[in-house]
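Trainee: Please put together the full structure from these sequences, using the hints given.
Protein chains: 2
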Amino acid sequence: MTELSQSAVERIMKKAGAERVSADAAETLSALMEDYGMFLSKEAKKMSDHAGRKTLRGSDIRMAAEIFK
Amino acid sequence: MTELSQSAVERIMKKAGAERVSADAAETLSALMEDYGMFLSKEAKKMSDHAGRKTLRGSDIRMAAEIFK
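Heads up: the sequence lines are chains A and B, in that order.
Going by the numbering used here, the final residue of the first sequence carries number 69, and the count climbs one at a time with no gaps.
Going by the numbering used here, the final residue of the second sequence carries number 69, and the count climbs one at a time with no gaps.
None of these hints come from the bench; they were simulated from the model.
Treat the hints with care, as some may be off.
Once the Cα atoms are required to be at most 27 angstroms apart in a straight line, the calculated DSS-like pairs of lysine-lysine come out as [as the list claims (entries may be wrong)]:
no. : chain 1 : residue 1 : chain 2 : residue 2
1   : A       : Lys69     : A       : Lys54
2   : B       : Lys42     : A       : Lys69
3   : B       : Lys15     : A       : Lys42
4   : B       : Lys69     : A       : Lys69
5   : B       : Lys69     : B       : Lys15
6   : A       : Lys14     : B       : Lys46
Mentor: In structure tokens, the structure reads:
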């Protein structure tokens with residue numbers, strides 16, 4: 001169901017200082033990161049619709065992140 | 001530098017309703033999602049340290065997400 005690879009998410013946790021990581025931790029973080037990405041994407045989609053574009057741009061994502069930070 | 005695959009991030013944006021997605025949009029969202037994951041992981045690491053554990057658990061991630069939501 002999730003799009004992100006568990007190994008990528010595990011590497012992020014290790015970079016953050018975790019020595020060991022449970023499978024449940026990787027799944028939980030993966031789901032949270034995906035929810036966040038989905039939320040920002042939906043807001044960014046509204047920005048691109050508003051601008052009359054069909055292509056989502058980096059500027060749409062940045063504006064969404066700026067508004068909801 | 002980023003851990004997440006651009007294609008996975010692109011799929012999330014498509015799921016969110018985007019018809020087309022620029023490479024810049026995928027890179028921007030990827031970096032934001034990774035920053036968020038890194039932030040939550042660092043906070044979760046503090047929780048596991050506090051509990052005297054070396055293994056980061058799902059419950060550490062959930063507590064971090066709960067506190068900073």
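Trainee: If you test the structure against every hint from before, which numbers come out violated?
Mentor: none
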